[in-house]
Amino acid sequence: MNALKQWVTNSSEAINIRLVKAAPGTGDDEDEQDIIEFNPVFTYPMFGEQEQIFGYKDLAVNLEFASGSLASCFSMGYKEKKPTADKIYTTMKDFLPKDIIDNHDVFTQIAQRDYTEFKPMGTKVAEYRINHEGAENSVFESYQANFNTPRFLEYHRRLQCFAIFFIEGASFIEDTDEKWEVRLLFERLNEDGQETYNFVGYCNMYPYFYYPDQIRMRISQFLILPPYQQQGHGSRLYQSLYADFGSRKEVREMTVEDPNEDFSDLRDKNDMKHLTAKGVFKNLQAPIKSDRIEEVARTYKLTKRQVARCFELALLGSLDKRNKAQYKAFRLQVKGRLYKHNAEALATLDKEERIEKLHETFLSVEEDYHRILALL
1 MNALKQWVTN SSEAINIRLV KAAPGTGDDE DEQDIIEFNP VFTYPMFGEQ
51 EQIFGYKDLA VNLEFASGSL ASCFSMGYKE KKPTADKIYT TMKDFLPKDI
101 IDNHDVFTQI AQRDYTEFKP MGTKVAEYRI NHEGAENSVF ESYQANFNTP
151 RFLEYHRRLQ CFAIFFIEGA SFIEDTDEKW EVRLLFERLN EDGQETYNFV
201 GYCNMYPYFY YPDQIRMRIS QFLILPPYQQ QGHGSRLYQS LYADFGSRKE
251 VREMTVEDPN EDFSDLRDKN DMKHLTAKGV FKNLQAPIKS DRIEEVARTY
301 KLTKRQVARC FELALLGSLD KRNKAQYKAF RLQVKGRLYK HNAEALATLD
351 KEERIEKLHE TFLSVEEDYH RILALL
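Residue 308 in UniProt numbering sits at position 308 of the sequence shown, with consecutive numbering throughout.
It is worth saying that the hints were derived from the structure and are not from the lab.
Not one of these hints is a red herring.
List time: in silico PhoX-like cross-link candidates among lysine-lysine, alpha-carbon distance up to 20 Å: (1) K57 with K81; (2) K119 with K21; (3) K321 with K335; (4) K324 with K335; (5) K278 with K301; (6) K249 with K179; (7) K301 with K273; (8) K249 with K304; (9) K289 with K301; (10) K249 with K301; (11) K335 with K304; (12) K269 with K304; (13) K328 with K340; (14) K304 with K273; (15) K282 with K304; (16) K57 with K79; (17) K357 with K328; (18) K79 with K5; (19) K98 with K87; (20) K57 with K87; (21) K289 with K328; (22) K282 with K269; (23) K351 with K340; (24) K5 with K82; (25) K289 with K340; (26) K57 with K5; (27) K87 with K5; (28) K335 with K357; (29) K335 with K351; (30) K304 with K278; (31) K57 with K82; (32) K5 with K81; (33) K289 with K335; (34) K304 with K340; (35) K301 with K269; (36) K340 with K357.
Nothing here was measured: the structure is a model prediction, and the numbers come from that model.
Put together the whole structure using the sequences plus the hints.
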């Protein structure tokens, strides 16, 4: 068994994603290029649930991307290889850009050209700066695009592999469906009088019919690349989407498809700040009636469930737990929502089990609310 283990490599650790900023004149010397390297989070769609590659020692798989245009290059190296080793490129190719190449010299030439020539596609909708080390000379710009936008279809086919690597359970969206809307985020730098752009992240959204004559915009995939995370870009991107949807009369509601915990936190944090700034929680006291929740949801184009959760967060944030009446009102507010949401499952339990299960769920929600409030 130990003899076999030395031929097994964790695929997420073996794969190196590299964003290459290759200014003209830097040549093929990596020491002269600005390269940011990181590993994928998920590789199980390619290599199975165990995320293992068999048949190599000291394996390194490099996926290089020009930092702006996302032109890409595949290469790999290893110390030893078994005749029965996994065919790595064959396994990965359906998830990689169709125009990926395997000639590093050619890739370097393309990256150098694109360093100065690449410009974002779509309509610029926002820009901002951040107070973060290393970003003093950066301006971040977001662009709105769809599959009819010139140059965007090819670009999307380059960037979509990042969804597989960093969003659990992600799959490619149907790029022949013209209803998809995509928001792109870039870093713009001015270096020696030359403007360059680096890809930071993106979000795609789909409009669903909302009776009788409006649409529900659903966020499907939302990603900030690892080198740009924990710098506020996710919140900026979310805020720009919210501002856009808020200004569009045809949009009735903004929803999210299967959000993970990180995105749920980002959403809660930004929705709470926005609703607080609008005075929604002023003089707040439980119980919050359903018509008030519906009114706020309609006004701010959020789902009723999200608004209800925000009210509960605000109640807990201002709660004096020593005041038993206040705490009971808060507890009943949360339990009422939880009961309605889980009524079918709870109906299968006897009364004592139902009460116990509901209270366990409440305590779990309360604990998570304290965690979220600490982020605000």
